[in-house]
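Participant: With these hints in hand, go ahead and build the complete structure from the sequences.
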Amino acid sequence: MITPVPPLPKLRPMEAVSALYQGSDVDLTGAILRDLSHQVFHGPEIEPAGSAQRFMARLSHRLLKATTRLESNGPSGQVYQNRLLERSGHPYARALLNSTTQETASLVEGGDPMNGPYLMLAPSVRENGDRWDHLFFNSVQGKDVQFRFIRETRATYEQAKAMLGSGQPVRLKAVAAGTGLSLILAYDKLIQEGHDPASITALITDRDSANTGKTKHLLQKLANTKGNRFTCNNGYGIAARTEDLFKDPSSEGTEAEFDIVTAVGILEYFEGTASHTTRERLGLPGAEGGLLDTDLAARLAAMTAAGGHLIINTYRDHASVRILELFGKRFTFRDRTHVTALLDPHGFKPLKSAGSANIYDVEVFINGAVPTLRQSILDEENFT
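Quick note, the sequence shown lines up with residues 1 to 384 if you use the numbering used here.
It is worth saying that the hints were derived from the structure and are not from the lab. Treat the hints loosely; a few may be bogus.
[Claimed, not checked] Restricting the straight-line Cα-Cα distance to at most 30 Å, the calculated cross-link-like pairs of lysine-lysine (DSSO-like) are:
#, residue 1, residue 2
1, Lys161, Lys10
2, Lys247, Lys216
3, Lys216, Lys226
4, Lys226, Lys10
5, Lys189, Lys161
6, Lys161, Lys65
[What the hints assert, rightly or not] Just the calculated beta-carbon pair ranges, DEER-fashion:
#, residue 1, residue 2, range
7, Ser166, Asp335, 30 to 38 Å
8, Gln168, Lys349, 35 to 43 Å
9, Cys232, Gly43, 36 to 44 Å
10, Glu193, Asn233, 23 to 31 Å
11, Arg131, Asp196, 44 to 52 Å
12, Arg69, Gly30, 26 to 34 Å
Even glycine gets a Cβ: it sits at the ideal position worked out from N, Cα and C.
Facilitator: Below is the structure:
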């Protein structure tokens, strides 16, 4: 029987984000995550945005295209101006308009505001959202982010549970995971269900030290993560660290191969195999000298054990994505065919689709030869 989740204090989405990653109230943090976890694992299915919202996204794109101006484009970055967004005063709007450095010009920056769509899933947070919260976080893009988050978290949890149920230990890694909320929820649920903490190793990495710092802060406030921190001495547990995927792995004892790797929300920033790109649409020159999607695929293959699983997403073109492009964001668009073609030379084979929405498909791939025992587990496993 599922225990009902008690109501939270009245928090708007960004207040809930702040409570998680900056606050010191342990009880409040636990209550927010219980509410969110209940929605992810036991709540009603979150449907992708429907035709009315897709139509509004096209209108919004036209309106913002007509009203957005590039205010400056100097050595320090880009600053955009849009009076409609400025009047909202919303953190997400500021994240779009604020200066972005040249090094990360293509990334959707903003840190905390990017976690807003996840917190809208918690019923007691969503009901306190105002008009701007719903416009930004329940847009086509926002709903797809929520959908992707749920399917990624469930796929991670289900595969890990299947391995643990067979008596095997499991090693999980979230790559470029921002503040790592998906893996934290999956790990927390596994421990709550009574799985041996000594059988689970979970690593959350990101190249942004600010993101990993917030993840560490959150890990310190949850009983199941605070009491099971990874160290070189115990060789298991959960941890977060700053890591550049394309540099030599650290010597902290976590550089071994992983059974489950999630690389969600990263592939779309790498040029290479694609249907088309932002640069092509805008008539911009291609990026020179940068890392390609094949470089990312090679790194993912190197860290995924034989028979291990990679959870990754597609990224399809849509008017809501073109809104982000108005503010200097640059993307590479891929469907399942392109992702499969990219990963195939590196030994990955498509295993299961964890779900499809307007922009994202969440796809599960398996790496190389499949051991007999693990294949039997996969045959019995039902991905949602």
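Participant: Taking the hints in turn, state whether each one holds.
Facilitator: Now the hints, each set against the structure:
| no. | hint | result |
| --- | --- | --- |
| 1 | Lys161 x Lys10 | violated, 34 Å |
| 2 | Lys247 x Lys216 | holds, 22 Å |
| 3 | Lys216 x Lys226 | holds, 9 Å |
| 4 | Lys226 x Lys10 | holds, 26 Å |
| 5 | Lys189 x Lys161 | holds, 10 Å |
| 6 | Lys161 x Lys65 | violated, 46 Å |
| 7 | Ser166 x Asp335: 30 to 38 Å | holds, 33 Å |
| 8 | Gln168 x Lys349: 35 to 43 Å | violated, 20 Å |
| 9 | Cys232 x Gly43: 36 to 44 Å | holds, 38 Å |
| 10 | Glu193 x Asn233: 23 to 31 Å | holds, 26 Å |
| 11 | Arg131 x Asp196: 44 to 52 Å | holds, 47 Å |
| 12 | Arg69 x Gly30: 26 to 34 Å | violated, 44 Å |
Consistency with the previously given hints fails for numbers 1, 6, 8, 12, ordered from lowest to highest.
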